[in-house]
Amino acid sequence: DAGVTQSPTHLIKTRGQQVTLRCSPKSGHDTVSWYQQALGQGPQFIFQYYEEEERQRGNFPDRFSGHQFPNYSSELNVNALLLGDSALYLCASSLAEGAGGSGELFFGEGSRLTVL
Amino acid sequence: KQEVTQIPAALSVPEGENLVLNCSFTDSAIYNLQWFRQDPGKGLTSLLLIQSSQREQTSGRLNASLDKSSGRSTLYIAASQPGDSATYLCAVPEILNDMRFGAGTRLTVKP
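Heads up: the sequence lines are chains A and B, in that order. The opening position of the first sequence corresponds to residue 1 in this note's numbering, with each subsequent residue numbered one higher. The opening position of the second sequence corresponds to residue 1 in this note's numbering, with each subsequent residue numbered one higher.
Read the hints as simulated data drawn from the structure, not as lab findings. Don't take every hint at face value.
As the list claims (entries may be wrong) - Calculated pairs, SDA-like style, for lysine to any residue (alpha carbon to alpha carbon, straight line, at most 25 Å):
#, chain 1, residue 1, chain 2, residue 2
1, B, Lys1, B, Ala29
2, B, Lys1, A, Asn59
3, B, Lys1, A, Arg57
Whenever a hint applies, use it, and build me the whole structure from the sequences.
This is how it looks when you write it as structure tokens:
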């Protein structure tokens with residue numbers, strides 16, 4: 001049973017560039033959430049996608065955008081990169097409660113973004 | 001706004017010791033609480049999920065309790081092993097789908 005997979009695992013960008021991160025949810029899951037984790041801190045919620053729509057958004061600027069595809073996979077896009085965007089970006093999947101989900105989140109290994 | 005605090009920030013114990021990690025949250029109107037483990041530079045591994053109607057959950061040497069009224073949860077690790085060394089994080093929902101995390105407790109188990 002494949003867990004949550006993320007790509008790429010590491011990437012380096014320069015200020016002002018754009019980046020796309022990808023996530024495939026755990027088999028059977030229909031909901032994808034994205035989190036940003038700075039060094040030494042807990043993850044912070046960016047947004048959640050369900051049925052190809054952004055269902056909820058955290059306190060992040062519009063430079064952060066996403067997409068969910070019909071196969072439930074998801075992308076996180078960040079435009080006009082800043083030095084402060086350097087972090088571990090984590091994808092979490094879950095099964096919607098209406099579909100029998102318990103609310104439990106399962107995380108991928110993350111994408112480490114370094115902005116120079 | 002939900003705030004999650006974990007104490008202590010770091011803990012070092014000898015192998016074989018039983019230990020307790022603490023998590024507190026400010027808004028007791030939660031519908032679940034989840035404990036995770038994170039190894040350096042890695043993603044989060046789900047350890048235990050406690051629904052609001054439950055008082056505790058057990059998995060192997062791990063036991064997590066939940067006291068909603070006091071806004072507290074504890075993670076008990078029995079007979080600690082060097083392989084248990086990691087950062088342990090607790091998380092509770094803010095609004096529906098926004099999980100709020102503590103900063104974690106960094107555990108070191110010495111052989």
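For each hint, the structure was consulted:
1. Pair hint B/Lys1 plus B/Ala29 holds up; C-alpha atoms about 11 Å apart against a cutoff of 25 Å.
2. Pair hint B/Lys1 plus A/Asn59 holds up; C-alpha atoms about 12 Å apart against a cutoff of 25 Å.
3. Pair hint B/Lys1 plus A/Arg57 holds up; C-alpha atoms about 15 Å apart against a cutoff of 25 Å.
The earlier numbered hints are all upheld by this structure, with none contradicted.
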